[in-house]
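Use these hints to put chain V onto chain P, whose structure you have.
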Amino acid sequence: MTTATTGAAAPTRAVGTAHTRVEGRDKVTGAARYAGEIPFADLAHGWLVLSTVARGRVLSVETGPVLDMPGVLTVLHHGNAPRLHTDYVGMLGVPPDLTAAVFQNDRVPHAGWPVALVVADTSEQAREAAEALVVTYEREPHDVAFSAGHPDAYPADGHMPALTEKGDLEAELAASAHVVDEEYTTPEEHHGMMEPHAATARWDGGRLEVVDSNQGTTWVVDELARMFSLDASAVRVRSEHVGGGFGSKGVRAHQVSAVMAATVLQRPVRVVLTRRQMFSLTGYRSPTTQRIRLGADPDGRLRALDHRSLNQTSTVWEFVEPSAGVARIMYDADAHRTENRVVRLDVPSPTWMRAPGEAPGSFAVEAALDELAEKCGIDPMELRLRNEPDGGPVSGLPFSSRNLAACFREGARRFGWADRDPRPGVRREGRWLLGTGTAAASFPAGAMPSTAAVTAEPDGTFTVRISAADIGTGARTALTLVAADALRVPVERVRTRIGDSDFGPAMIAGGSMGTRSWAWAVTAAAGELRERLVPGGTVPPEGITVRSDTTAALAALAQKERHSFGAQFAEVAVDVTTGEVRVRRMLGIFAAGRIVNPLTARNQLVGGMTWGISMALHEEAVRDRASGGLYGADLAGYHVASHADVPAIEADWVDDPDPDDPVGIKGIGEVGIVGAAAAVANAVWHATGVRHRNLPIRPDRVLEAGGPRV
Amino acid sequence: MKEFDYRRADDVSGAVALLGDDPDARYLGGGTNLVDLMKSGVERPARLVDVRTLPLDRIEPADDGGLRIGATVTNSDLAAHPGIRNRYPALAQAVLAGASGQLRNMATVGGNLLQRTRCGYFTDVSKPCNKRVPGSGCPAVEGEHHNHAVLGASEHCVAVHPSDMGVALTAFDAVVSYETADGAAELPLADLYLPVGETPHRETALPPGALITGVTLPPARVAARSRYRKVRERASYAFAIGSVAAALDVSGGVVREARLAFGAVASRPWRAHTAERVLTGAPATAEYFAAAADAELAAARPLPDNGYKVTLMRNLVVAVLSELAEEAAR
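Sequences listed follow chains P and V, in order.
Here this note's numbering is used: the first sequence runs in plain steps of one and ends on residue 710.
Here this note's numbering is used: the second sequence runs in plain steps of one and ends on residue 330.
Next up, chain P with everything else stripped away, as it sits in the complex (with noise of 0.2 Å):
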């Protein structure tokens, strides 16, 4: 028994300090394991073999000549596979995407559906295996062609209402001085994080153990109990380092497959994922058509918007990619229509991506703004300060705060706003033509129910337990510092351990709030096992543990509009005659709650905007109409952002602490993608004097569309 020792003084002060990663040392030296390459005895592996038609029923699966071959232990398909409940809503509020679902009937709903397993003693065998094995379909002809006048599409909810709706828009229409009407359109794009799907499954005791690559244990668990009838406390997720998610590690085909072959088989079976198979299997954002409309007075203010947004989902599961949803934030009109609708097509399910909706709606919706503000003669960073609405433009409710016009500010003075000349197309340099362009950015700010347990050992140490993941975004060292301010101890007495679905309950790693909701809890734990300990009082052997759960302080929130917000600003060079575009410079200010570690929070920031210059000049799977599947579904064809395409960045904030939040926290993790597009795609439009609506902005459509010959 050793003394306890919080500290009772002052508090310490590690949150807003910048701290390097508690595991930084064992991911540079490869001893962090991830989830396909940690050992398990008696191991299997499994190989998904995916469907080469887009639209049928599988025939035939022909697993006898696959069975013979060297190490083959199983094939499963809808023939013969374990089947799954999926009559349920889960933890996300949303039914399953049945991707997951794998091997439940013959139906085949797109190109690259999951058609059968094959389990064998080895990755090679099993994929060798899988390329041999034969199955038949009966072909029904397809539809993936997708565009805005598709006749199948029809408003759809999401997490939020399709349609919202005030005012008489023609009418504001017709009385404006100055309007914009133009559509805009996304290509689908995909998360394309560096570590493939991978899973690992066995029983164990009478216990399902996945160890798995995920953005939330507590999420896997629920999915996989009530595919598998059961019950939550019998199976346990573990998902220690996570190589990104970006809202694509959920429940996947992956570890379903792997559980039903470990059941099969009673033997630890793995699963993981090629990044080909990736592209059909993991989801996507959504391609969007977009169609704008915005009526203003002579002095730029709003009197209509109107903003219809589409994207594809699948056969199998509804996903709105909620574009229009952007503007009930942002922007104000007296008459105001926002409306997304979705078109299902003979293609792989969408899902969450970073910043959904935010993402592709910032885009059309801030490059309309700057048509607006070039059509009103004023200054685009000027037309969004005199917009700024005091209060939700849809809900009506109070900001919780909105320090957008702080962060136009500080970004105006530091990128040099004031000096630009606003004509486009007359600034050159050698074969380059020069402009910049800015974009308003915001994300909701939330947080959700989660448990964390804080134990003070009898060395004088504290283990925080929670089952957060953190995914690449330092929450492992987020929760760290929070834990010891809360504990007023330093960082090194604090060890947080995560990603153990046996921690309890807790939030995702997703919708920017996994830091503030697990961030929240693990305050509430901390604080009250400091007033547990008697200063000089001693620890029993086994530790003093205080668990938390903030489901009831979450619940006592106010209704308020709570959001991050941020200024985008871009400078870019553009080559006409080649149709080269180089973003030169970005800067993006944030007003985003506290931040909690300066350095990987500048990290998420300026990733986000990187994803916006990807997002705005490179990214773009093209679907292959013939075939119903990807054109160059790999790395090599599906082009993000190399480092020469990345310049010097600059992210960094405003003083905006959530008066909400225990910690301040408001989340980051998405904001920084948000506006960045538009803001590449405003500077091109300035250096060159035309208008680029359709992303990417690639060589090929900047060469036809041409720009000035100086």
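Rather than coming from a laboratory, the hints here were simulated on the basis of the structure.
You may find that some hints are simply not true.
[Said to hold, decoys possible] Straight-line alpha carbon distances no greater than 20 Å define the calculated SDA-like cross-link-like pairs of lysine to any residue that follow:
1. V:Lys2 to P:Gly71
2. P:Lys166 to P:Val179
3. V:Lys39 to P:Leu635
4. V:Lys2 to P:Pro647
5. V:Lys2 to P:Gln104
6. V:Lys39 to P:Asp634
7. P:Lys560 to P:Phe399
8. V:Lys2 to P:Pro70
9. V:Lys39 to P:Ala132
10. V:Lys39 to P:Ala636
11. P:Lys375 to P:Thr274
12. P:Lys166 to P:Asp181
13. P:Lys27 to P:Leu43
14. V:Lys39 to P:Thr52
15. V:Lys39 to P:Met194
16. V:Lys2 to P:Asp68
17. V:Lys39 to P:Thr274
18. V:Lys39 to P:Glu131
19. V:Lys39 to P:Asp181
20. V:Lys2 to P:Pro65
21. V:Lys2 to P:Val134
22. V:Lys39 to P:Arg127
23. V:Lys2 to P:Lys166
24. V:Lys2 to P:Leu635
25. V:Lys2 to P:Asp121
26. V:Lys2 to P:Arg127
27. V:Lys39 to V:Asp5
[Stated by the list, open to error] Simulated DEER-style distance windows between Cβ atoms:
28. V:Lys2 to P:Phe40: 24 to 34 Å
29. P:Gln104 to V:Ser40: 21 to 31 Å
30. P:Gly93 to V:Lys2: 38 to 48 Å
[Stated by the list, open to error] A short list of chain P residues far from chain V (calculated; beta carbon distances all over 12 Å):
31. Asp419
32. Arg582
33. Gly689
Just so you know, even glycine gets a beta-carbon here, dropped at the ideal spot from N, CA and C.
Frame of chain P; chain V shown alone:
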């Protein structure tokens, strides 16, 4: 994975003997393309003959005053070689415009010339491709082709050759040396690649089992003033959507000699002979540069989504030749 036999050759004749006339055997250089194709199932060789350690890794003066580049010289070493940088700068620039530092450290000159197209139908075994499976069709013609060929293609294949290095080598009249069981032989690089026609799966004129042993650059004064410009869909680590290797000898404002080759527009590096003829003896002005490009590109047959390449190549030719002419005038 499919099992394969791996052999390492000690010398050139040994490598040729190890490969024999086995159509399922492949020479392995840096492996930067072949190994990828094996992983994706496009190539399933029964035997690999590793030639990377053969003594072909030198760049030496040739008897006629040119340079002889061994087949296993890495891209990195080629681009760094003073003789290449000074006498054939477009070649060094072309090599450095390709791939990444890591890949250039592995990739070899011989392998570069024999690398396969990056057409997304060719690299995806779930889709038809006449080059991979003769007679299966070319979905690019009706499908995705915004980065495909505008010159010399056929309805059977519109894929482009991905090499940057090869474009500069073509401009400089490189000659390929190779070895078969019958001994050593040579072939102008211009004749290495076969016309697409109805047989896109037949890519080169090399006899079966031939091993490329080197590439010889003839002496060319014009090459000293040369440049490679590559346009791609991101700033680095992407294949060209259009590229130009150009060399220009200007005297008194008149073009004495010009070399011009295009990348990413055809199934092979495209030597622009027609443009060169227009340029020779013409005033070194943008107007004539454009006329030369137009003369070459008159043969272009763009598909619905790649017509921009004609404009791109014209602009690139004018821009690069203008830069070279300005340099010459200084």
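How the hints compare with the structure:
no.	hint	result
1	V:Lys2 to P:Gly71	holds, 14 Å
2	P:Lys166 to P:Val179	holds, 18 Å
3	V:Lys39 to P:Leu635	holds, 14 Å
4	V:Lys2 to P:Pro647	violated, 43 Å
5	V:Lys2 to P:Gln104	violated, 31 Å
6	V:Lys39 to P:Asp634	holds, 12 Å
7	P:Lys560 to P:Phe399	holds, 6 Å
8	V:Lys2 to P:Pro70	holds, 12 Å
9	V:Lys39 to P:Ala132	holds, 15 Å
10	V:Lys39 to P:Ala636	holds, 14 Å
11	P:Lys375 to P:Thr274	violated, 49 Å
12	P:Lys166 to P:Asp181	holds, 19 Å
13	P:Lys27 to P:Leu43	violated, 24 Å
14	V:Lys39 to P:Thr52	holds, 18 Å
15	V:Lys39 to P:Met194	holds, 18 Å
16	V:Lys2 to P:Asp68	holds, 16 Å
17	V:Lys39 to P:Thr274	holds, 11 Å
18	V:Lys39 to P:Glu131	holds, 12 Å
19	V:Lys39 to P:Asp181	violated, 49 Å
20	V:Lys2 to P:Pro65	holds, 16 Å
21	V:Lys2 to P:Val134	holds, 17 Å
22	V:Lys39 to P:Arg127	holds, 11 Å
23	V:Lys2 to P:Lys166	violated, 64 Å
24	V:Lys2 to P:Leu635	violated, 24 Å
25	V:Lys2 to P:Asp121	holds, 16 Å
26	V:Lys2 to P:Arg127	holds, 9 Å
27	V:Lys39 to V:Asp5	holds, 16 Å
28	V:Lys2 to P:Phe40: 24 to 34 Å	holds, 27 Å
29	P:Gln104 to V:Ser40: 21 to 31 Å	holds, 29 Å
30	P:Gly93 to V:Lys2: 38 to 48 Å	holds, 46 Å
31	Asp419	holds, 27 Å
32	Arg582	violated, 6 Å
33	Gly689	holds, 18 Å
When held up to the earlier numbered hints, the structure conflicts with 4, 5, 11, 13, 19, 23, 24, 32 and fits the remainder.
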